[in-house]
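Chains as they are written, first to last, in my numbering: chain A, 2 to 299; chain B, 2 to 299.
Any given hint could turn out to be false.
Note that the list lumps identical chains together, so a pair holds whenever it fits in one copy or between two copies.
Distance condition first, Cα-Cα at most 20 Å in a straight line; then the derived SDA-like pairs of lysine to any residue [what the hints assert, rightly or not]:
#1 40 <-> 6
#2 39 <-> 15
#3 40 <-> 86
#4 39 <-> 89
#5 40 <-> 228
Everything labelled a hint here was simulated from the structure, so no lab data went into it.
Take a look at the letters that make up each chain.
Number of protein chains: 2
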Amino acid sequence: MIERNHLEIVREVDRCGSLTAAADALCLTQSALSHAMKKLEQQLGTDVWVREGRKLRPTQSGLYLLSLANRLLPQFEHAEELVGQIARGQRGSLRIGMECHPCYQWLLKVVGPYLEQWPGVDVDVKQRFQFGGIGALFGYDIDVLVTPDPLHRKGLVFAPVFDYEQVLVVHSAHPLASKVWVEPADLESETLITYPVDAERLDIYTRFLLPAHSSPARHKTIETTDIMLQMVAAGRGVSALPRWLVEEYAHQMPIIPVRLGKKGIDKQIFLGLRERDAGVEYLQSFMAMARETTWGLA
Amino acid sequence: MIERNHLEIVREVDRCGSLTAAADALCLTQSALSHAMKKLEQQLGTDVWVREGRKLRPTQSGLYLLSLANRLLPQFEHAEELVGQIARGQRGSLRIGMECHPCYQWLLKVVGPYLEQWPGVDVDVKQRFQFGGIGALFGYDIDVLVTPDPLHRKGLVFAPVFDYEQVLVVHSAHPLASKVWVEPADLESETLITYPVDAERLDIYTRFLLPAHSSPARHKTIETTDIMLQMVAAGRGVSALPRWLVEEYAHQMPIIPVRLGKKGIDKQIFLGLRERDAGVEYLQSFMAMARETTWGLA
DNA sequence: ATCATTCTATGAAATTAATTCAACAAAGGC
DNA sequence: GCCTTTGTTGAATTAATTTCATAGAATGAT
Numbered sequence: 002m003i004e005r006n007h008l009e010i011v012r013e014v015d016r017c018g019s020l021t022a023a024a025d026a027l028c029l030t031q032s033a034l035s036h037a038m039k040k041l042e043q044q045l046g047t048d049v050w051v052r053e054g055r056k057l058r059p060t061q062s063g064l065y066l067l068s069l070a071n072r073l074l075p076q077f078e079h080a081e082e083l084v085g086q087i088a089r090g091q092r093g094s095l096r097i098g099m100e101c102h103p104c105y106q107w108l109l110k111v112v113g114p115y116l117e118q119w120p121g122v123d124v125d126v127k128q129r130f131q132f133g134g135i136g137a138l139f140g141y142d143i144d145v146l147v148t149p150d151p152l153h154r155k156g157l158v159f160a161p162v163f164d165y166e167q168v169l170v171v172h173s174a175h176p177l178a179s180k181v182w183v184e185p186a187d188l189e190s191e192t193l194i195t196y197p198v199d200a201e202r203l204d205i206y207t208r209f210l211l212p213a214h215s216s217p218a219r220h221k222t223i224e225t226t227d228i229m230l231q232m233v234a235a236g237r238g239v240s241a242l243p244r245w246l247v248e249e250y251a252h253q254m255p256i257i258p259v260r261l262g263k264k265g266i267d268k269q270i271f272l273g274l275r276e277r278d279a280g281v282e283y284l285q286s287f288m289a290m291a292r293e294t295t296w297g298l299a
Numbered sequence: 002m003i004e005r006n007h008l009e010i011v012r013e014v015d016r017c018g019s020l021t022a023a024a025d026a027l028c029l030t031q032s033a034l035s036h037a038m039k040k041l042e043q044q045l046g047t048d049v050w051v052r053e054g055r056k057l058r059p060t061q062s063g064l065y066l067l068s069l070a071n072r073l074l075p076q077f078e079h080a081e082e083l084v085g086q087i088a089r090g091q092r093g094s095l096r097i098g099m100e101c102h103p104c105y106q107w108l109l110k111v112v113g114p115y116l117e118q119w120p121g122v123d124v125d126v127k128q129r130f131q132f133g134g135i136g137a138l139f140g141y142d143i144d145v146l147v148t149p150d151p152l153h154r155k156g157l158v159f160a161p162v163f164d165y166e167q168v169l170v171v172h173s174a175h176p177l178a179s180k181v182w183v184e185p186a187d188l189e190s191e192t193l194i195t196y197p198v199d200a201e202r203l204d205i206y207t208r209f210l211l212p213a214h215s216s217p218a219r220h221k222t223i224e225t226t227d228i229m230l231q232m233v234a235a236g237r238g239v240s241a242l243p244r245w246l247v248e249e250y251a252h253q254m255p256i257i258p259v260r261l262g263k264k265g266i267d268k269q270i271f272l273g274l275r276e277r278d279a280g281v282e283y284l285q286s287f288m289a290m291a292r293e294t295t296w297g298l299a
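Using the sequences and the hints, build the whole thing.
See the structure below:
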């Protein structure tokens, strides 16, 4: 019924003062405008303008349509602008999924500069997924996944962003603190603090304790990295965390990183995203900035 | 670019879940919708939906368009509803022009019930006109004119609404108060209070004093009827007003109406409007209600 | 696996709508 | 009074939308 072009005409006639001038402005003939409005008037059952001599005086309906035009047309125009930005990859929303708890500290360092560089992109971080990080990626709940397990599947692409060593954290006065590396058996009298996730997602179990059929004396779970470190610094247990993270906090707390096993546990963190999104500019940029934020660790 | 029908499609697809169902709801073929959206996508340079199997998942652009649709479409629909009401004369604005100062008191009695009966009509009252009331009517500054001078001109129609007698108001202790009627000479020692308009628009001059070549001792002008009556009640002068108005106030104030001349001055008040508007329902209704509000005067 | 079903995409044809052209009428300026 | 400007209207033209017919792809059931 009322179409965008009708509003366009009403607005332009108001601006220019005549059908003829408005037609010029809209790159149409005056006749086209006359026909278009005549048809609208018939549909609405009311005139939009009163023809007085060769002047068009807006009727009450016309005045209302004009106010409508001034309200709606800018929204159309803004929408096109915005969609254009989305199309060019300059605007969007970036929902980051995290499957690597300690990486949160690292992520914060990436996100700050990223937000500055991409003022049009909204960033959100999610940490819990009903069907795992990969499922969230497939289900469009997130756009990027930060994970140590690049479960390759069709339609997804993964790229490594940084490597680090997973180490044992102990209080600096702890007997193990002086060791160059610890063995699984060393933990059998210790309290181990981990994030509250399945043991199969904890490297200290899958790659250290379980192969040696060892287990710690006690196992506590804590949600946040900060409290975890506070506990270790209070001598209430030991934990397994990235070396760079421990070194970051070692300045402020009496904690020491110790290698897990003779060769240590090396880990790699990947960023995964949907293949389809690989071309999106602000996603590529995030990947690039993530790779650059390696924290000065090998 | 983005047209109303595109928003219509986006909204309907979101509601129905598929192009096919949306097409049914919109009484179009699935093919039409597919073509329409394909064209839009090409113009925008971005997909609106990602085709996943036989499902359509909205992209970021698509989600934005959906929010736009939910915002804009109701406004289109509301606008059509409203314009329909205007077309049926159920809604509009009624700007009343007044060329009869004391009639303001009468008008208030009309407007109250009118507003109740026509909730869709906004009423405004104007009292000053650059080119007179008739000019304001022609110039669309007002829609109805309340006037004692029905200056008939092409394109305008006038209808009488009520008659009244213009009388002299004096303090009840005033020497003239006991007279059945006064002569022009009686005013030559009086202070006459009138509205601040040209003498040619004051009946006390045109139909009473000037024909007898009389004039009052002093002439004061006052804008409002209330203050005018206060002045008379304070014995500070005499004035000329409608009899019904004086009788209305005579309960509260020591004032008395006296006939002007042996036969009195009879006046008639007209409502004028543009011929073109004569069919507008809420205007007709105003005329009818105005005629009914005669204040019980002869 | 196979088949039927249910979607969407697409090209061509048909239909419908928009636009222009041309002629005319009304009003204002000189 | 004549010329210019402006809007209307009907017919012709052009452009668009819509439908039809068909094909492909994914889902679910047998």
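Query - Those earlier numbered hints the structure runs against, lowest number first - result: Those not satisfied come down to hint 5.
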